[in-house]
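Could you put the whole structure together from the sequences, leaning on the hints where they help?
Heads up: the protein sequence lines correspond to chains F and B, in order. At position 292 of the first sequence the residue is numbered 579 (the numbering used here), and the sequence of numbers has no breaks. At position 301 of the second sequence the residue is numbered 588 (the numbering used here), and the sequence of numbers has no breaks.
You may find that some hints are simply not true.
Claimed, not checked - Which stretches of chain B does chain F cover? Using the computed rule of at least three CB atoms under 8 Å from a CB of chain F, they are:
(1) 395-406
(2) 444-452
(3) 467-473
(4) 479-493
What the hints assert, rightly or not - Mimicking DSSO-like on lysine-lysine, the simulated pairs with C-alpha atoms at most 30 Å apart in a straight line are:
(5) F:LYS497 to B:LYS412
(6) F:LYS412 to B:LYS527
(7) F:LYS587 to F:LYS627
(8) F:LYS412 to B:LYS497
(9) B:LYS412 to F:LYS527
(10) B:LYS464 to F:LYS293
(11) F:LYS464 to B:LYS464
(12) B:LYS293 to F:LYS464
(13) B:LYS617 to B:LYS606
In case anyone wonders, no lab produced these hints; they're calculated from the structure. Glycine included, C-beta positions come from ideal geometry on N, C-alpha and C.
2 protein chains.
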Amino acid sequence: MDGEFKVTPWEVSGDIDYDLLVEKFGTKRIDQALLDRMAKYGELHPLLKRGVVYSQRDMEWVLDRYDAGERFYLYTGRGPSGHTHLGHLMPWMFTKYLQDTFRAPLYFQLTDDEKFLFNDNLTLKDTRDMAYQNLLDVIALGFDPKITKIMIDTEYIHHLYPLALQVAKRITFSTAKAVFGFDNSTNIGSIFYTSIQAAPCFIGSELAGKNAPCLIPCGIDQDPHFRVTRDIAPVLGYYKPALLHNKMFPGLQGTDKMSSSQPNSTIYTTDPPKLVRKKIMSAFTGGAVSVEEQRKTGGKPEVCSVYKYKFYLFEKDDKALADLYDRCKKGEILCGECKKTLADSIVTFIEDHQVKREAAKDKVEEFMLRD
Amino acid sequence: MDGEFKVTPWEVSGDIDYDLLVEKFGTKRIDQALLDRMAKYGELHPLLKRGVVYSQRDMEWVLDRYDAGERFYLYTGRGPSGHTHLGHLMPWMFTKYLQDTFRAPLYFQLTDDEKFLFNDNLTLKDTRDMAYQNLLDVIALGFDPKITKIMIDTEYIHHLYPLALQVAKRITFSTAKAVFGFDNSTNIGSIFYTSIQAAPCFIGSELAGKNAPCLIPCGIDQDPHFRVTRDIAPVLGYYKPALLHNKMFPGLQGTDKMSSSQPNSTIYTTDPPKLVRKKIMSAFTGGAVSVEEQRKTGGKPEVCSVYKYKFYLFEKDDKALADLYDRCKKGEILCGECKKTLADSIVTFIEDHQVKREAAKDKVEEFMLRD
Numbered sequence: 288m289d290g291e292f293k294v295t296p297w298e299v300s301g302d303i304d305y306d307l308l309v310e311k312f313g314t315k316r317i318d319q320a321l322l323d324r325m326a327k328y329g330e331l332h333p334l335l336k337r338g339v340v341y342s343q344r345d346m347e348w349v350l351d352r353y354d355a356g357e358r359f360y361l362y363t364g365r366g367p368s369g370h371t372h373l374g375h376l377m378p379w380m381f382t383k384y385l386q387d388t389f390r391a392p393l394y395f396q397l398t399d400d401e402k403f404l405f406n407d408n409l410t411l412k413d414t415r416d417m418a419y420q421n422l423l424d425v426i427a428l429g430f431d432p433k434i435t436k437i438m439i440d441t442e443y444i445h446h447l448y449p450l451a452l453q454v455a456k457r458i459t460f461s462t463a464k465a466v467f468g469f470d471n472s473t474n475i476g477s478i479f480y481t482s483i484q485a486a487p488c489f490i491g492s493e494l495a496g497k498n499a500p501c502l503i504p505c506g507i508d509q510d511p512h513f514r515v516t517r518d519i520a521p522v523l524g525y526y527k528p529a530l531l532h533n534k535m536f537p538g539l540q541g542t543d544k545m546s547s548s549q550p551n552s553t554i555y556t557t558d559p560p561k562l563v564r565k566k567i568m569s570a571f572t573g574g575a576v577s578v579e580e581q582r583k584t585g586g587k588p589e590v591c592s593v594y595k596y597k598f599y600l601f602e603k604d605d606k607a608l609a610d611l612y613d614r615c616k617k618g619e620i621l622c623g624e625c626k627k628t629l630a631d632s633i634v635t636f637i638e639d640h641q642v643k644r645e646a647a648k649d650k651v652e653e654f655m656l657r658d
Numbered sequence: 288m289d290g291e292f293k294v295t296p297w298e299v300s301g302d303i304d305y306d307l308l309v310e311k312f313g314t315k316r317i318d319q320a321l322l323d324r325m326a327k328y329g330e331l332h333p334l335l336k337r338g339v340v341y342s343q344r345d346m347e348w349v350l351d352r353y354d355a356g357e358r359f360y361l362y363t364g365r366g367p368s369g370h371t372h373l374g375h376l377m378p379w380m381f382t383k384y385l386q387d388t389f390r391a392p393l394y395f396q397l398t399d400d401e402k403f404l405f406n407d408n409l410t411l412k413d414t415r416d417m418a419y420q421n422l423l424d425v426i427a428l429g430f431d432p433k434i435t436k437i438m439i440d441t442e443y444i445h446h447l448y449p450l451a452l453q454v455a456k457r458i459t460f461s462t463a464k465a466v467f468g469f470d471n472s473t474n475i476g477s478i479f480y481t482s483i484q485a486a487p488c489f490i491g492s493e494l495a496g497k498n499a500p501c502l503i504p505c506g507i508d509q510d511p512h513f514r515v516t517r518d519i520a521p522v523l524g525y526y527k528p529a530l531l532h533n534k535m536f537p538g539l540q541g542t543d544k545m546s547s548s549q550p551n552s553t554i555y556t557t558d559p560p561k562l563v564r565k566k567i568m569s570a571f572t573g574g575a576v577s578v579e580e581q582r583k584t585g586g587k588p589e590v591c592s593v594y595k596y597k598f599y600l601f602e603k604d605d606k607a608l609a610d611l612y613d614r615c616k617k618g619e620i621l622c623g624e625c626k627k628t629l630a631d632s633i634v635t636f637i638e639d640h641q642v643k644r645e646a647a648k649d650k651v652e653e654f655m656l657r658d
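Following this line, the structure appears as structure tokens:
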């Protein structure tokens, strides 16, 4: 199965070759020059330093405009097909870093329409309800309500639809087929949908009444939507949206993406702390079959999901992370200990998040984009 | 060209064989039994008697439900690509007869999105502006504001979109291709659009909170949209919409459909009376090359657009119409006289309509479907 993988907005599977994706999608790797430049605006986010946010489109241009005094806005989102898990939180946390660093307004889209159209088993009520569940997690992360606006597609459609029409008129079925892999059996709502995901790229400009740069932090799997949008933007008189792409957050069972379809591989923000701990204690590691063996040969942090969790989110100290790597390789630390420290970190995080998530219920209206 | 014609929601051309359409679309001819039954609810409309409204789906069922005490609502609409002409007014006048006869609520849809998506030369602003122009003509016809609600797609999209999604999820590109003749070069907005035209079939049921029969009076060219909608309705738990189809209103130059692309063939409700008269005086008739010739051989009312106008709308008296036909055939009446009486009728109608159209400007809000 080596080398076989699939990355589309609706399916991520296999061993992802992220370098190949950059080539295939025609994006640009984030290089040292860009990292050095970004470090000037504030301390670099660990996800940038560690190459989890690793690919981009037009980020230099966004910074040029910013330096020239032109404020950009952020746009990201979520397809509400189920409860929020850590894999969703990661890019949102990164988005918050961008908001804090650049004082950038954020438009956050919840695509209840998409998840309804693309999932046979979900009703529109399911995805709408889940959109409300998910936005609590967004709010809980501490975005600034003065410059953060959340939209649920079916509730904000009167603003999105006219923009979506402008986009849709310029995309042929040929293009949609080539980019998204649609065929004759695809439903006509799914075919149209990319226009709705494109619309918020321009909503900041529309509401401001003047053209404003838009920066989209998102998973690399979402790039196809914006590749198409970028082709059309100039025709519509808008700037092309810029992007920062992150790799997929790993699953607890050693797979490349934390996925809702494997509950044990996934930590939901709504999981009781006990369950969180249980899931981590049964995570896939790079450990050997026995303690003796591991003391002798060492672990394999490069394939270990516990190590990956620390690398992605839960060990911000670079030195501590490097130490852990070395000690694991040398067999100085066993998987049990390592799982326990990760479980402690995540449980602490989740308990705090759940308090904030509860408090978010009173703040929903403050964050919703209405009129 | 005999026998070559095309009838789709976006193109009507050639010599239309209306009998063949019934067969091709799988509709039912309105037969004498149905006419007799409809006559019991009130005097038959001339368009029914004369076979202009000639085809149907499930009309007997609508009357069965009505007889059982279940009220149906009406749904029709207009694609606002230009000013309203007589060809548009005809089915609306018929719709008013249905409203008056059955006290049926009417939902009237203005598809500004459709006309934008299907016309390269129209902006969304163009079609939205034209929607407002067109709805003045609807109001001017005297519909009851208490039971008549007008919706412009882009303004009422927050109610239409969730219904459209339900429809869109159940239509594959295969089906859309087969029914509407789409191909790889069709834009993805056009592909999705039929879902938006389907949505009002269910809006009456949605707003009432219970299933209600829907009857759509419309041109036979619009049937494909509703053929698809009817297939899906039961899956969504709604009644299949019923239909009454009219033939196309003829052009003044002898063609089968009054078309905005031939301005001289078309009488707009906004035309100054002088221009209306001029257009009619230069209409295509079945007349001979000279007065002498016509006195001798007679005219050809069966191909004469002046006769057709009287037949379709402007001579309601069956006996007077039959007389005219006979006298024309015998060469007793010349085209000039005939044009003059038609011009008098239409100018009288248009002058009156324009006064009501002006007054309609103050009634717009009363008719708009909002919230």
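Here is what the structure says about each hint:
no. : hint                 : result
1   : 395-406              : holds (count 3)
2   : 444-452              : holds (count 6)
3   : 467-473              : holds (count 5)
4   : 479-493              : holds (count 3)
5   : F:LYS497 to B:LYS412 : holds (18 Å)
6   : F:LYS412 to B:LYS527 : holds (23 Å)
7   : F:LYS587 to F:LYS627 : holds (17 Å)
8   : F:LYS412 to B:LYS497 : holds (18 Å)
9   : B:LYS412 to F:LYS527 : holds (23 Å)
10  : B:LYS464 to F:LYS293 : holds (28 Å)
11  : F:LYS464 to B:LYS464 : holds (14 Å)
12  : B:LYS293 to F:LYS464 : holds (28 Å)
13  : B:LYS617 to B:LYS606 : holds (17 Å)
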